[in-house]
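Residue numbers (this note's numbering), protein chains in the order written: chain A, 1 to 610; chain B, 1001 to 1321.
No lab work stands behind these hints: they were computed from the structure. Among these hints, one or two may not hold up.
Unchecked claim - Label pairs and their computed distance ranges (CB to CB):
1. A1124(B) - P572(A): 23 to 29 Å
2. R1070(B) - P352(A): 23 to 29 Å
3. N1131(B) - I294(A): 27 to 33 Å
Yeah, the Cβ is synthetic: ideal placement off N, Cα and C, and Gly gets one too.
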Amino acid sequence: MLYEAYMRNKMSKMKLTHQNGGEGFVLVLGLSLILSGGVAWGQDEEIPEGFKMGARPAKPSAEQIEAGKRVYFTKCVWCHGVKGEGDGPSADRLWPRPRNFTQGTFKIRHTASGELPLIDVDLFQTVTHGLPGSAMPSWEGILTEQQRKDALAFVTTQLVQDRDWQDEEFESFTVLQLDQIKPVESTPESIKAGSELVVKNKCIECHGLEGRGDGNAFNLKDDWGFPIQPADWHKCWNFRGSRQDAYNKKNIFRTFSTGLNGTPMPSFADNTTIEERWNIANYVNSLCERKDEININGGKVSDEIATALSKGQPLPIDPMTDKPKSNFVVPSKYVEGELPTDEHDERWKIAPRRWIAMGGQITHKPRNFVNRIDDIWVQSLYNDTHITFLFQWDDRTKSMQEEEVDWDPTEVNLADYGVEEQPPVTGEAGSIAARQNKYTVYNDGLAFQFPIKWQELPFPRKPRYFWGDEKFSVDLTKWTADGTIQAYEGTGWDQDFNERDFAEQLEVKKAEWKNGRWTLLIQRPLKGDYDEDAELVPGNYIPMVFFGWDGHNCDVGRKMAVSAFYYLVMEPQIPKEAYIYPVLMAIGMVGIEGWVLTRRSNRRKGKVIT
Amino acid sequence: MTWLKLVEGYMPIQMISELAICILFFSMVNYALGKAGAKVPKFWAGVFVWLFIQAYLKFRIYPPIPFSVRAIYGTVSFCGVFMWVSGSQAEWDEFKRPILNVMDAQTPMLKAIRTVALIALPLALGGYGWNSFQPSFEEPIELRTVHPAPPATTKVHGKTFVLQTSQNPFRVNKEGKYDQKYSDERIVVQDMGRLMKDVNSPDFNPWDPNAEGYTKYVREGGEIFFQNCNFCDGDNLNGRGLWAYAFNPIPANFTDAGTIAQLQETFVFWRVSQGGIGLPPEGFPWASVMPPWKQHLTTDEIWKVVMFEYWHTGYYPRTWD
Chain A
1 MLYEAYMRNK MSKMKLTHQN GGEGFVLVLG LSLILSGGVA WGQDEEIPEG FKMGARPAKP
61 SAEQIEAGKR VYFTKCVWCH GVKGEGDGPS ADRLWPRPRN FTQGTFKIRH TASGELPLID
121 VDLFQTVTHG LPGSAMPSWE GILTEQQRKD ALAFVTTQLV QDRDWQDEEF ESFTVLQLDQ
181 IKPVESTPES IKAGSELVVK NKCIECHGLE GRGDGNAFNL KDDWGFPIQP ADWHKCWNFR
241 GSRQDAYNKK NIFRTFSTGL NGTPMPSFAD NTTIEERWNI ANYVNSLCER KDEININGGK
301 VSDEIATALS KGQPLPIDPM TDKPKSNFVV PSKYVEGELP TDEHDERWKI APRRWIAMGG
361 QITHKPRNFV NRIDDIWVQS LYNDTHITFL FQWDDRTKSM QEEEVDWDPT EVNLADYGVE
421 EQPPVTGEAG SIAARQNKYT VYNDGLAFQF PIKWQELPFP RKPRYFWGDE KFSVDLTKWT
481 ADGTIQAYEG TGWDQDFNER DFAEQLEVKK AEWKNGRWTL LIQRPLKGDY DEDAELVPGN
541 YIPMVFFGWD GHNCDVGRKM AVSAFYYLVM EPQIPKEAYI YPVLMAIGMV GIEGWVLTRR
601 SNRRKGKVIT
Chain B
1001 MTWLKLVEGY MPIQMISELA ICILFFSMVN YALGKAGAKV PKFWAGVFVW LFIQAYLKFR
1061 IYPPIPFSVR AIYGTVSFCG VFMWVSGSQA EWDEFKRPIL NVMDAQTPML KAIRTVALIA
1121 LPLALGGYGW NSFQPSFEEP IELRTVHPAP PATTKVHGKT FVLQTSQNPF RVNKEGKYDQ
1181 KYSDERIVVQ DMGRLMKDVN SPDFNPWDPN AEGYTKYVRE GGEIFFQNCN FCDGDNLNGR
1241 GLWAYAFNPI PANFTDAGTI AQLQETFVFW RVSQGGIGLP PEGFPWASVM PPWKQHLTTD
1301 EIWKVVMFEY WHTGYYPRTW D
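With the hints as constraints, model all of the structure from the sequences given.
And the structure:
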């Protein structure tokens, strides 16, 4: 691999410069022969297909570096730290941690594995577009183009310590010619070939059979020893290198061709052809969530699946957030007869899928600074007596707590039991990134709430999003991965839950974790006791909030993911009037047309006569 | 349009000037075509301009404006176009001519158009009726007061603060006296990028090891901000934090001239310390995820964060006089 080539190149040269004797030379020659395994080394290194030797970035002027220092200490220092060691005040509560610049290791590049990135292309795009899924925002529209370049001049010359873009001896730039390589069209054949290549190239070992990042997800570390998770291919808007253009397969092709320095993601430039890389990019890109759910059968992509994948319509992306657009109305469709008992029922096709954005709960202690459930997909159907919800969300780990906990499930104030939030400044060793994956494992879980007496709410009043309030309590339905489903009454964020008998009527039709995703089907009656349980009536806007827990993230109690307010609307059937009035309107229009034309022609006749 | 962005704060003026430039351009094209002998009929010119304005409002403006608002703009622009086409009797006749020609249908071509129009109109109206009778469930519009009237006093950690008279204890000059003029001189420069005045001076760079007093407190406020607030309010205090996408209402954009720049510092202190749950009903306390920061921070920390927010956005807090 190129990184190894770079290292042995560097090592050999170092030896050569430091040792002058003939003995040393023989030793070095022998060493390099062993290291290179007989392959040509040094400047003659074969350039992989699609790459070309590129120009060295120009050396910035002292004025530019000085201007960049001003930008850095106003905007960047808060995360990246005074010396650029990725240890600013915010670093300990962020995961992924901010980049430590000192080693010159950068993930997203057009340059070959192990090489420094192009400053004006790679680093500039990172600053311009940010790194989705991390705290690095897009600085476009905030800093001018010149200011962004100035900041990079400062970072690359003053903060990167171990390497130097101007070092002609050790640093070269083998650049992926992304704009010159013609992409392979995303045909069913290409997608199918890609699905086979991700198995052959062992991508699935880390990224999982269906690409949800659930493979070897728990043992991976980056170069600094911090745990790192493989990307979830179903959420392309979270790809760090997506450059605010989530569904662009070129980004995937680039990452796959150059690898991510400092992480276990290697470059595949040496062992795949360009066409193979496009096939993989097409497949990975086709897995990113589309308007309709496509079951990819554990990665065993048949011709039918490949065709469906090639036709998928990308989700509209909100340019304000670079995430899929939210729709705060969750529609439930009416069906006759029994409600579905699994997610494969054909009738789910009539119920639109809604994307529920989830954020970390950071209102009350213990706050959840690292939120691993960032969205939930929900669909709903109802009949004359019951309603059913189909939830699907990606979770790299199936979490079930092994030991009994000390508290009762209705208790919410868990600080006394040692469930506390991450203290602010703890240094690198105690930071969230260092402690990640070492937390106690609790149960995965999902809950949703309705106001119990939503009929009596004076518009637009709602019970507080966080488990209701004193005046208006909420109907909470909580499922946990140990298989239990509970009905609670919530009266406030710090008030213990009250159990409701309604739990006996709740049914978990399906709860399955497979290939990095939970599928959960919960059915409940529309009606219960008016005073205790929310009564769900078609044609109304019923406020709804969702909560999620990832057990392997130590999510428990108030440490959880939470959504904004959504509205459940059970759509009533089409009224009779809808069939009668449009016809009447059309007939009326014909009448008006006749009248206007008659009048006009009478008038013209009159004119002709006079 | 990614190459030409609508900039927050300048959006209305951008919209008006863009529309004006386009209309001017159309007039020039119209004039040039007239000179060249290919005069555009007034009827089509009017229809085109009106449709263009509709399309501009629908596709150019982001975030999208609701249909009800667009309908108002549509009516206003319709009136404008109508006034333009009916300026004089001659112009009005010219405008009407294509419509009357179709109604009279003197040529086979016009006859065909008339037939199509006669069939299409009832169908379109019927279709519109069908659509409007379908049960439709758009997101209800709930108008929330973003800056509700503050209370007279607020209690934080057992101490009562009178909003009219309280002062930020860290907004002090070298002598340790409250001095807004002194601090206003040390905030970031209010131009593109909003950068600190001088990175090499301990007077202006909070990260200078020799920074003291106000400038040092700004750094301490920033440290608290970047451990607590940046998740929602964003690394540039523009309300685009890591999780901003998940919440509704979305976090406030402090760099916009309409938020903290319009408020007294004590108002911000009240909002920060009491959080979303402390809002009056018109501010929708039930929906806000803004923490009551008195649960997480000390009074001093809250004052420092507030001061940092003004420093970093380059705004002055409003004063009572």
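Structure-based check of each hint:
1. A1124(B) - P572(A): 23 to 29 Å: At 26 Å between Cβs, range holds.
2. R1070(B) - P352(A): 23 to 29 Å: At 24 Å between Cβs, range holds.
3. N1131(B) - I294(A): 27 to 33 Å: holds, 30 Å
Checked against the numbered hints given earlier, the structure satisfies every one of them.
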